[in-house]
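*Asks:* Build the full structure now, drawing on both the sequences and the hints.
Respectively, the protein sequence lines represent chains A and B. Just so we're aligned, residue 0 is where the first sequence starts under numbering that gives the first Met the number 0, counting upward by one. Just so we're aligned, residue 0 is where the second sequence starts under numbering that gives the first Met the number 0, counting upward by one.
Since the hints were made in silico from the structure, they are not lab data. Where a beta carbon is used, it is the ideal one built from N, C-alpha and C, also for glycine. Heads up, a few of these hints could be off.
The calculated label-pair distances, taken between Cβ atoms and stated as ranges, are [claimed, not checked]:
id	chain 1	residue 1	chain 2	residue 2	range
1	A	249	B	10	29 to 37 Å
2	A	233	B	10	55 to 63 Å
3	B	77	A	583	35 to 43 Å
4	A	114	B	43	29 to 37 Å
The lines below spell out each chain.
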Amino acid sequence: MTGLPLVALVGNPNAGKSALFNALTGARQKLGNYPGVTVERKAGRLSLSDGRPVELVDLPGTYSLNPTSPDEQVTRDVILGRQAGERLPDALVVVVDASNLDNHLRFALELIALGRPTIVALNMVDLATRDGLELDAQILSRELGVPVISTVAVRKRGLDHLRGELESMLDGGVGDVAPAGERRDFEVLRREARRIARTAIVRETPSRRLTAAVDRVALHPVAGLFLLLALLFIMFQAVYAWSEAPIAMIEGFVASAGDAVTAALPDGLLRSFLVDGVLNGVGSVIVFLPQILILFFFILMLEATGYMVRAAFLMDGLMARVGLSGRAFIPLLSSFACAVPGIMATRTIADPKDRLTTILIAPLMTCSARLPVYAVIIGAFIPARTVALGIGLQGLVLFCLYISGIVGAMLAALVLRRTVTKGASGGFLMEMPKYQWPRPQDIVLGLWQRAVIFLKRAGTIIFTSTVILWILLSFPKAPENGGVSQVNYSIAGRVANGLNVVLQPIGFNRDISLALIPAMAAREVAVSALATVYSLDADEDEAKLERSLGDRLKDSWPLPTALAFLAWFVFAPQCISTIAVTRRETNGWKWPLFMIGYLFALAYVAAGLTYWTATAAGL
Amino acid sequence: MTSALPLRLTDLPLRQPAYVDLIDWDALSASDGQRLREFGLCEGASVEALHHGGLMGRGPIACKVGRMTIAMRRNHAAAITVRTGPQDAAADEEA
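*Replies:* Written out as structure tokens, the structure is:
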């Protein structure tokens, strides 16, 4: 999009910047990375009234031009035109929260003093009104010396006005740009901001504050903790309860596609490739899209409503006890969706040892890629019955798997902080945003972006691994009537038989060993790999072909093996992307290798203990 | 203005309006100090303790500073001395 005028959206965290960005650009967004740093670049296209396009870039929220973390540094460097791979913005839109003027105006003043063409978006004026605050944008504009436009991003109010102002600014319609002033002292700016805020506030009436009322419950040491646990529990129940119908639809679609291919093509390599490799392999992963989206829906809602920081507040006592910063909770919670953005989000943690520990334990949070593995095993081996008042046994087992990951992570942190990442305990300094109801479009957009990422993975990493596995499983061809099965005769089968020597003691069979190798690329490949293995095996027995993967697993695995398999996936670091991002964030191979080592050791022990215990219990 | 004896933010009763008397910046790391300043914490700013997190009062403290609600651990709060009273006199005085 080079060549277009560039406008940067900048402001304090919690000023409603992202909502404004979404409202201005709609779905026309592009996510990327700044070169050399792992900070996400979020850009979109905005059309002026005459249809001219402008590139809008959403910069990471920051409190001042004195960065304390890598993403805040990107914001400063872009604004000053020093960021590699980014041109100097032609104009700045400074987003300020109308009900927190004292604070946000200080940063706005710091930015205005740079002398760049600047517009101030006085955002979330509706929430300010709700809190009994009435502001005069004209007074504010006069005092600041730049245009000020009242906006309510979530209701698309003030957006046309903002576009119009941007248009005349980019056309040079705004008078002379003030010469770049020198950087002013923090105290001076603070006092100036306070004075201007006082002038702009027309009326201030005390009113009932929704946030304070909710927080009395949400932050209560006992009630708040119950609320958090209840929310997480509902989340995991919903992953199963809401996903049945859409999953059945996708399964039906994959099955009919398989039938169509089978009917259209003669029996042979091509048909086997399409049905066993592509449709069964990739299809078996795509069916989990609904569950992954449900999980992301909850995480996006927790973030957008402002509850996430409350959860961090509640958990801080526990985090402190294992030697982590309370801030670590947010990267860890986003690791439930995926460890890659989780590990990237640790950049907000200032202390290096603190941050390293958080990175090392992030893969223990149950990411959405484990969901397909858990779901297929739970679906096959755990009966779908209700244990009590609307609580399903399957959801309960899933909940326990998540808890195992969390407990494992806390214990790992405790040990790491006393050994390899020894150091002073971190702090917890966070702003608690007001609660607000997110705009449905923003949530839908977030889900859409996640769905695209997941399907791209299914189409690339998972597709490639599945195809390679199919090739390794199909060749060399077993001799007819040789008494050796195709799987055992194939290259992959021979490798798996070798690996199985190590994995047999913890209850794993050849098929699991086989699935674990391609699953190094991504966990969910284990499912597509199993699907491919059993699909190829079933070719010899037409009756088996019609059955689902779950049913086939149930026939061939004893229960202790299935449970050990689940325990393995709680810990095993089977994800190339996570290892790669760890290498990038820790600048070397030392820590990713350490991470792989300790997690595989944990996985082996956990799977072994599960298998031996379950066998001893006679399951 | 006259007001009660100074006390540490950790000891300030919940929902009692107060203002910052003194901040021991030396007890805070440079980056933590900067972040607290950016949150609007300075001598004279109005503060109100809202919630004590965790059981047995060992968790962080959520407090209102000006119009913002922020959370901090007890070691940070202990570096902040406050006086009860509604006025944030020092913050109003012009530079």
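*Asks:* Would you mind marking each hint as holding or not holding in the structure?
*Replies:* How the hints compare with the structure:
1. A:249 / B:10: 29 to 37 Å: About 59 Å separates the Cβ atoms of residue 249 of chain A and residue 10 of chain B, which means 29 to 37 Å is violated.
2. A:233 / B:10: 55 to 63 Å: 38 Å Cβ-Cβ, so the 55 to 63 Å window is violated.
3. B:77 / A:583: 35 to 43 Å: Check passed, 38 Å falls within 35 to 43 Å.
4. A:114 / B:43: 29 to 37 Å: holds (31 Å)
Hints 1, 2 from the list above are not met by this structure, while the remaining hints are.
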